[in-house]
Amino acid sequence: MSHYTQLVVELTILALAIFLGVEVISKVPTLLHTPLMSGTNAIHGIVVVGAMLVAGLAGADLLTGWVGFVAMILAAANVVGGFVVTDRMLEMFKRREPPRRDGEG
Amino acid sequence: MGETTSNLLYLVTIICFVLALRFLSSPTTARRGNWIGAAGMVVAIAVTLAHDGLHVGWRIPVGGAIGAVFGAVGARRVKMTAMPQMVALFNGVGGGAAALVSLAEYHNVAPDPGRLHGDISVSIIASALIGSVSFAGSMVAFSKLQELIQGRPITYPGQKFGNLLLLGAIVAAGVAIVAGAERQWLLVAVILGSLLFGVLFVLPIGGADMPVVISLLNAFTGLAAAATGFELHSNVLIVSGALVGASGTLLTMLMGRAMNRSLGNVLFGAFGTVQAGAGTGAAYEGTVRSVTAEDVAIMLSYAHKVVVVPGYGMAVAQAQHAVRELADELEAKGVEVEYAIHPVAGRMPGHMNVLLAEANVPYPALKEMDEINPEFPQTDVALVIGANDVVNPSARNEPGSPIYGMPILNVDQAHQIVVMKRSMATGFAGIDNPLFLDPKTAMLFGDAKESVLKLVAGVKAL
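Chains as they are written, first to last, in the working numbering: chain A, 1 to 105; chain B, 106 to 567.
Among these hints, one or two may not hold up.
[To be verified] 30 Å max Cα-Cα, derived DSBU-like pairs, lysine-lysine: (1) LYS94(A) <-> LYS265(B); (2) LYS94(A) <-> LYS184(B); (3) LYS559(B) <-> LYS94(A); (4) LYS472(B) <-> LYS565(B); (5) LYS545(B) <-> LYS94(A); (6) LYS184(B) <-> LYS559(B); (7) LYS27(A) <-> LYS438(B); (8) LYS184(B) <-> LYS565(B); (9) LYS559(B) <-> LYS472(B).
These are computed hints drawn from the structure, not numbers from a lab.
Looking at chain B on its own, in the form it has when it is part of the complex (with noise of 0.2 Å):
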């Protein structure tokens, strides 16, 4: 197929993953848009089949079919809980793959000196290095998430220091290939040392913080295929990976807004390390209130109102089957049910929604946090499981607070407040929550998946 022809078919591949993009506005309309999206891609692989000159021999179709059963049998049998890991996982292979296309290419290319203009070897030098950099930190991410190393921050003196260094060298080396000296090695020695950057950027980012950094690893991918379209001359794979590059930067940046950080503060913040001595207890004033299962399936099944706020805790505990039931059971006695989603709530951008889709709760029960909000005060009871953070009033009345402006579920303001959590142990950010010490607040231990079908017994008895 000429150059010509192959260049048109790849724009329908372009306007098919617009399409993808444009339908996802819509739940009713999303999962079609997927499916447009997928028959771009494979209109992109048929026409890169038929390309003039290729080779397809025995490593395009064996490649091929053992990635595909690898991505088809880990997305069909992965979890809903264990989502940000595959997530996590499918980004850095993109990024791997991007950053071996570059090797390649530049080792073709290398040793013929004067055929490498300037910008082809920026972008190899890019897509090899944005790429590694997400593979690695993606791999990183992907062991936290599956707690295969701990999700808490990993640090040690003079990490900054030698995390700086470390990224000057690798700029030097590319650097050093852009000014001509076109030695393989140089480029060997980008890509290891940004693996090793990869590793060493995501240890001290704590679990809480995952959001932001799976949304800024999909940035990196985007920008490392785009990097390898300017390398290729491909068109399709310019366009494709400043769509994802312009996906994952909005992301971060709604990430990092709804914590009230900025992407300085979560990247080298090492946020939720213990501060020792931060005020731990002495603070707050006041007895906790706890309650049993029966005392608040009681004060469920009379509210007219309830509101749950999920957060990782539930993820942990997988109760949202259990969570569903007990709504159920509550809109069986004619108790309207809703949940606030915090943006941040779980490890991953709209962690909470799939996770309560799964259990077949209607989207349309699903409030964001600016259209829940005003609703508190007409609560009765709202329910929180495992949520902590999110709900945490210091956020908003104190000033001194690690978490002062960041914008929070206001649960303190419905008429009766149940916390569900494992025990008194603070959150993420490590500080104490002022709401488990409001006269309002019931605070119900245990196991959030046990505690809740407790619930739904209990509200069945009455």
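So that you can see chain A by itself, here it is in the shape it has in the complex (with noise of 0.2 Å):
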């Protein structure tokens, strides 16, 4: 493919990314709206594939090699944290009060 056809496709990939995203995401009740957000921000912490890549670019020089680490560690506590966070929250969300109950919940 060469390189235009390929830009061509992202670009494409990217406007139906963008509608599909409003169409999903307008059907998120505002009692969800904090999870929203750090679920989302745990999504984009898929960027951790970009540094991945850096990072484990075969005959890298040295600048390359810190800079991909440093992303590294960056994207891994995007993730993890992203994913942990939304988690607890929305493990909180219940329809009814949980039949044990001792002091504050």
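Hints in hand, dock the two standalone chains.
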């Protein structure tokens, strides 16, 4: 595939993904806006893929290696922190109070 | 693993992410959705590890482990009241990672002139610029929310002009790179300039506007990730970035609408700086009626319906558990208790919902503004806890007010109103609230948590 053919395909994907995103996200109730924000936070942790490709570039020089290493730390913190925080939040949303109730829950 | 196989597996990740967002449409499925998203992420990481020509070495596992530990410990330890900071922080590191990936990419391809297509250099610059702004801006937002620096807008003369000049210089450097001046210091300059711009851009934005800023920075990081996708030819990055960008943009617009302000006004208006002489005290006449917790406890116990209106003051005092205790006592006496949630109450979209959910308030009792507003005329007592601007009737009645036109919770239509406040200080917008002078309003001064606990004791004693 020529470079520009690929670019056009990628732009098509981008445009469709934006429309899909707007469609899906407009169905999220305001009740869940904080988990939405932190969940999308976790999703943009996908830059970890980019960080891995850079940090694992064969025959890379010192600068690339270290920049990749720092990117790897940041991206991994983003992924793990994002999903864990979102899970903690969503765990709390309950329809009725749990049977056990001692002091503050 | 070959290109085709890995792209096919990346498609699995894309589908997982879309499902994760789809499942967020209901609180009953949301948690499962988050797990599906995490599974998609694991697939993407595994596929990348198996990539042809990837030299795993020590940097990927060690860097990944350090980041994962930081992320997991931070996410586990953080208190629910500190959630806005945490969201800002995780958002920032994502943007930072995107910017660094661009820097490394550019460093690797730049020495080879002619290899760089125009669209690739545009993507590299976009990702470096937006990622850096998002990183620095999120760090400032974090510092403001954590109260490491003051939450009020920080302004100085020539601020807007200076910021504009800086942005112009960054864009000029970017254009120079695209035009073919493939010098590495130029991209470093873009990154450093963008970091500075990110700081300067969030500094003048006040605490109560944080829901807008956090949403916007969220969108930025998404866009930075999408730009990184273009430079690495990675569909999964493009789609994920676009989803996040769309989400952040939608939330930003929603928050702006809930404040009846344009994005430009939020970003450049330095709203909340105390406007000297802007009719302070002169406009309203009347007396403030102060009551004791015992009086309020009686009022609440004999009501049929009580609506709790929480605001940032409840978060600061960490009063959510006490509030829930009070609701339990009242419900035991047959009082109907509901919660009215304004979209911009707190410091991030949906902030109050998370806090009350933490205190085990069942979510069907949390009512959105449009749902609860028609119910205020049938409400016996509206209990306002640490909210101010979102219940200010001048937003409805006074065309001259700075918040005129902002949709508010119509608590002034309730039979009686109790406002719990630390003092008579004005709210974030620095304007007076005629609600406090309404003859139906009683003021209960003091720390929100202590006051609510006194109410609990009072209701129990009856």
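Cross-check of the supplied hints:
Using a Cα cut-off of 30 Å, the hinted pair LYS94(A) and LYS265(B) is violated, with the two alpha carbons roughly 46 Å apart. Taking the CA atoms of LYS94(A) and LYS184(B), the gap is about 19 Å. The hint holds against a cut of 30 Å. This hinted pair checks out: LYS559(B) and LYS94(A) have alpha carbons roughly 27 Å apart, not beyond 30 Å. Using a Cα cut-off of 30 Å, the hinted pair LYS472(B) and LYS565(B) holds, with the two alpha carbons roughly 26 Å apart.
For a cut-off of 30 Å, the pair hint linking LYS545(B) to LYS94(A) is broken: about 35 Å separates their Cα positions. Of the supplied pair hints, the one linking LYS184(B) and LYS559(B) holds, its CA atoms being roughly 24 Å apart against a limit of 30 Å. Only pairs whose Cα atoms come within 30 Å are accepted, and LYS27(A) paired with LYS438(B) is rejected, the gap being roughly 37 Å. Between LYS184(B) and LYS565(B) the CA atoms are separated by roughly 29 Å; this keeps the pair inside 30 Å, and the hint holds.
Between LYS559(B) and LYS472(B) the alpha-carbon distance is near 25 Å, which keeps this suggested pair within the 30 Å criterion.
In summary, the numbered hints that this structure violates are 1, 5 and 7.
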